[in-house]
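Per the working numbering, the first sequence starts with residue 16, numbered consecutively.
Just so you know, not all the hints are guaranteed correct.
[Stated by the list, open to error] No farther apart than 25 Å at their CA atoms in a straight line, the calculated lysine-lysine pairs in the BS3-like style are these:
1) 219 - 208
2) 209 - 165
3) 219 - 209
4) 165 - 106
5) 165 - 219
6) 178 - 208
7) 209 - 178
Simulated from the structure, these hints should not be mistaken for lab results.
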Amino acid sequence: MPELPEVETTRRGIAPHVEGQRIVNVIVRDRRLRWPITQDFERHLSQAIIIQTRRRAKYLLIDLDSGATVMIHLGMSGSLRMTTANELPRKHDHVDVVLESGMLLRYHDPRRFGSMHCFVGQSHALLEHLGPEPLSADFTGEYLFQQSRKRGSAVKLFIMDAKIVVGVGNIYANEALFMAGIRPDRPANGISKKRYMALAESIKAVLANAIEVGGTTLRDFVGGDGKAGYFAQSLQVYGRGGDRCKRCKVTRLREIRQSSRATVYCTRCQR
DNA sequence: ACTGGCACCTGGGCGC
DNA sequence: TGCGCCCAGGTGCCAG
16 MPELPEVETT RRGIAPHVEG QRIVNVIVRD RRLRWPITQD FERHLSQAII
66 IQTRRRAKYL LIDLDSGATV MIHLGMSGSL RMTTANELPR KHDHVDVVLE
116 SGMLLRYHDP RRFGSMHCFV GQSHALLEHL GPEPLSADFT GEYLFQQSRK
166 RGSAVKLFIM DAKIVVGVGN IYANEALFMA GIRPDRPANG ISKKRYMALA
216 ESIKAVLANA IEVGGTTLRD FVGGDGKAGY FAQSLQVYGR GGDRCKRCKV
266 TRLREIRQSS RATVYCTRCQ R
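Required output: the full structure, derived from the provided sequences and hints.
Rendered as C-alpha cells:
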C-alpha cells in the first residue's frame, strides 16, 4: 500500500537511473489499469528524453523533453523498479520503459488500482483541486484549523481528504493522530487551533520520518524487489488493535472502522 | 457545499 | 489439502 513516503522513496530511487536517459522502447503487456493505458502512451514516450522526476501527492511525474509528462500512480499494490531485459517479466509486470542505457523501468501492480497517463502541458485534471503538500510550508496548523471550521466529519477523515491535504493515507493518518494525542473520531470543527498546530507537526514528522527510513531501507532499487519500506518503521498504532499502547503501556488500543477503514487509537492518550 | 458510500482488483489469511 | 469467504485500501465518482 504505497503511501506518500513510498512514492517519494521510489522517485528518489529511480531518479538517478532515468534522468537524462532516452526512452528507446515501451512495452505494455496489460493496459487494464485503473484507467486503460491509451495507445498514445507509447507514442508519447518513445524516443523522448527524460528531463526530471517530480512528485505531486502520490503521483510520480516524469517530465520529457517533448513537453509531455508521464504520470504514474501506484494505487494499492503498485511498485516501480529498475532492472534489465535479462530479467524476464513476471506476473503483473504490466509495463516496461526501456532506456538507452539498457536499463528499464518496470511497473508491477497485481491489483491494477494504479494508473499510467501521459499528458502534454502544465497539468492534468487529476492534479487540479488537490490540497497542499503536507511537507510544504503551505501546510500549517493554522491552515488546518481554518479549513476545519465547517467540517462536521471526523478529524481522521478530514486529514485524509486530498482536497484538504494530499498524501495522508490510512496508516499515517492513524499514526499522526496518535502522535498528536487526538481521538480520530472527534468532529474536525470541534478541535482547537492549538491542537491543529500539533496535528500538522505530527503529520509532517510521521511522513518525513517514513521517507527517511524508506531512504535507508529502500536504497537498492536495482535488482531489489521494489517493496515499500514502512514495515521497517515502528508503527505505534496501525495494525496493533488490542495490543497495549506504547505510550501509556496500560490501555489496550481500540480498533474501530471509519468509512470502512481501520482506525486504531488509545482511549487514554487520545482525547 | 458537504458527506457517505461504492467500485475497482488480487493475494493472503482464515475457518471449516 | 483445498475450497471459499472476507478483507486490505487510494481515490474518483455518484447519490443524497
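Hint check:
Simply put, residue 219 and residue 208 have alpha-carbon atoms about 17 Å apart, close enough for the 25 Å limit, and the pair holds. Only pairs whose Cα atoms come within 25 Å are accepted, and residue 209 paired with residue 165 is accepted, the gap being roughly 17 Å. With a CA separation close to 16 Å, the supplied pair residue 219 and residue 209 stays within the 25 Å bound. Simply put, residue 165 and residue 106 have alpha-carbon atoms about 47 Å apart, too far for the 25 Å limit, and the pair is violated.
The suggested pairing of residue 165 with residue 219 holds, with an alpha-carbon distance near 23 Å, which does not exceed 25 Å. A C-alpha spacing of about 19 Å is found between residue 178 and residue 208, which places the hinted pair at or below 25 Å, so the restraint holds. Note on residue 209 and residue 178: the hinted pairing holds, with a Cα-Cα distance of about 22 Å set against a maximum of 25 Å.
Hint violations for this structure: number 4 only, all remaining hints satisfied.
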